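Chain by chain, the residues run as shown.
Protein chains: 2
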Amino acid sequence: MCEAYINKPQGFKACGVYAGLKTDPGNSGNSDIYDVALLYSEVPARVAGVYTSNLVKGHSLVRSIDIIKTNKPCRAFVINSKVANSCVGKAGYEDAARIAECAAEKLGVEPDEVLTASTGTIGVRLPVDKICDAMPGLVASLSDDPEAGHKAERAIMTTDTVPKEVMATVSLSSGKEVTISGMAKGSGMISPNLATMIGVFTTDADIDYPVLDKLLRQAVSHSFNRVCVDGDTSVCDMVTIWANGASGVAISEGTEDYDLFAKALTDLATDISRMIAKDGEGATKLLEITVDGAASDKDALLIVSAVAKSPLVKTGFFGEDANFGRIITAAGYSGAMFDPDKIDIDVSGLPVCRDGIMLEFDEDEAAKLLHEEEITIEIRLHEGNSFDRMFTCDFSYDYVKINGSYRT
Amino acid sequence: MCEAYINKPQGFKACGVYAGLKTDPGNSGNSDIYDVALLYSEVPARVAGVYTSNLVKGHSLVRSIDIIKTNKPCRAFVINSKVANSCVGKAGYEDAARIAECAAEKLGVEPDEVLTASTGTIGVRLPVDKICDAMPGLVASLSDDPEAGHKAERAIMTTDTVPKEVMATVSLSSGKEVTISGMAKGSGMISPNLATMIGVFTTDADIDYPVLDKLLRQAVSHSFNRVCVDGDTSVCDMVTIWANGASGVAISEGTEDYDLFAKALTDLATDISRMIAKDGEGATKLLEITVDGAASDKDALLIVSAVAKSPLVKTGFFGEDANFGRIITAAGYSGAMFDPDKIDIDVSGLPVCRDGIMLEFDEDEAAKLLHEEEITIEIRLHEGNSFDRMFTCDFSYDYVKINGSYRT
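Protein chains in written order, with the working numbering: chain H, 1 to 408; chain B, 1001 to 1408.
Read the hints as simulated data drawn from the structure, not as lab findings. The structure presented is a predicted model; accordingly, all values stated were derived computationally and were not measured. Think of the CB as a built atom: it goes at the ideal place given N, C-alpha and C, for glycine as much as any other residue. Keep in mind that a hint or two might mislead.
In silico lysine-lysine, DSSO-like type, Cα no more than 27 Å apart, as pairs [to be verified]:
id	chain 1	residue 1	chain 2	residue 2
1	B	Lys1090	B	Lys1106
2	B	Lys1082	H	Lys368
3	B	Lys1069	H	Lys342
4	B	Lys1368	H	Lys401
5	B	Lys1106	H	Lys401
6	H	Lys90	H	Lys106
Taking beta-carbon pairs under 8 Å as the criterion, some of the chain H residues facing chain B (in silico) [what the hints assert, rightly or not]:
id	residue
7	Val211
8	Asn323
9	Gly325
10	Thr329
11	Gly332
12	Ile357
13	Phe361
With these hints in hand, go ahead and build the complete structure from the sequences.
Here is the structure:
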């Protein structure tokens, strides 16, 4: 794959700066710390979004939702890490508005063409002055260079240990090409229906609102909505796609190009979702859980969710302990209906359960499989034709460490 | 409180032995290891039970459910730890039956007067020969001594670090007394609707089947069904109450004595539930979560459950990190409906959230409260009159350690 960065599609610029929100790198010489990202489109871009299902929503997020739902084209996106701008009351909306105004002024656009997102600690006021003070530098460094895009990604990361950037060039039926890029941050408080996660896609394709919205929802439903780190759903999650049409290539529903674009976007969303699960807080392993043969889609989702959220399953894989009874246990309490005497389970291709009976297996072979960094858990119910899949990670000492001292 | 042991009510005997199921203490000289418990009633006892909601149920448990539902009086209860006798197919039922037959023969009772329970690793055959070999010794050591009761409790423990035994003498309106004892094991895979938990109550009161069943269900609903360690519901959980009538005192519904007995049993169940949460695997703190003012009982339960299961909340309290935004976050994604701008939260009496806004607080005061071993989280919604409460514990390095290497 070519190098991926959010400002690769035509007409997009980006950058990230250190505005003093994250802990000062001080004399440690770590110049790689960034905490405010700016994404800019040279021409007005259509934006679609999907958001956290949490009843409590962050103030920066609510402001963006209100703008996106008006279907007014946007020009810029300011995203900060370290402070979530949530649960601080009316002041949180004012803070988000001030940041947008300050960005709009420097960019020469309208405040309601600037979206806002924040991720980090809840219940703390945003240091608006620091962000506004950084704005001239942010705007001045806007660029279509890969390095500038990578800085934007670094600026939205919190406990992420690796950047998450993806890119695809979509060759359309006409022989023309459009580009899609994506970036995201995880990595705790990750649960289906979005979490503390922020995902941004950009494309230079020209796509109308209802189509853009549909494409995003399709892509998210079996990717971002199938990632679980700890089952906690944050108040700030959002995935947006920005389509600025700078390629001059339009994509309409019901065409071959639509299908090509939809597949590319879904593949990118799936890739980045795997990256998020694999980089879950403290994770040492990626677990891919599939259920096949469920009686209904709902049952399939209930089971992959229960297995992906089970602390017993997750700590067992961390310890490389072949305690596979925990998988059937989680399936059993998931709320899905199935005949426990028909269930089959394979772990990374090793049969561990047939007809509800746990099998004996070669302990050496199991130990070898469990030592891998990527593990598949396949569950077959023989009840119907429904399938689902979820990505998660193991549960380690480091998860406890990271989340036992996040604020400090 | 007087010394508590399961064989304290009149007419009950108990004991526990080491049958070689748990790891051999070897030369370490630890003579305190027990793995098979026997409870015996000198006269036939009525038994009522409540069981795991898991679709997958252990074979020893299923056998006991089948007997209890016939309302046939029972005489003995064999409980083993280390092996769950689950997911091994038809052989698992035969194993449970053989253990009951072997106990029945030595006790001179019928096999279907002997209940069975197993807790431990799933998918492994019970070492029936070891248990049957231990049976003569078990029967010979049956006693009403406190020490024998304590051995029975030790024999049902798995990763528990402290025994859980309770006792109450109930003074009835007639001036007569009956005794209730209880013992339980936790401590991981603990979730509402019972978990890898086994609870046993004995009483010398004379109580008819439907009344006994009702008393148990009432006592369990807001105690055992409100304990959460990790949200995993095991396949072997059961709580039973044995009433042998040896005191000669009958208790009927609709009497003052019924209310006195019901209150005593509920209090004991609550006490033992707190013990289970506090001794959750790796736990360093007991968390008592209450919701008041919910619009419905369902909403109240959804919120206490979500907060009690949140790995972010639980690791935060382990780290004594005053990251209280995670509590409102969990409430928000619980599925309950409430106005996020009306929620109030106190942690151990310290106001941390009012009207949905996180408050500033004295960090030193918070640090002091968070350092305590018992912490209360009070959530008030101002939506209605429903209340609920759940006991849980924090999530520590040791939880991960215990469950990353349980089988080995």
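Each hint, compared with the structure:
no.	hint	in the structure
1	Lys1090(B) <-> Lys1106(B)	holds (25 Å)
2	Lys1082(B) <-> Lys368(H)	holds (25 Å)
3	Lys1069(B) <-> Lys342(H)	holds (26 Å)
4	Lys1368(B) <-> Lys401(H)	holds (20 Å)
5	Lys1106(B) <-> Lys401(H)	violated (52 Å)
6	Lys90(H) <-> Lys106(H)	holds (25 Å)
7	Val211	violated (30 Å)
8	Asn323	holds (5 Å)
9	Gly325	holds (2 Å)
10	Thr329	holds (6 Å)
11	Gly332	holds (3 Å)
12	Ile357	holds (4 Å)
13	Phe361	violated (10 Å)
Violated hints, listed in ascending order, are 5, 7 and 13; each of the other numbered hints is respected by the structure.
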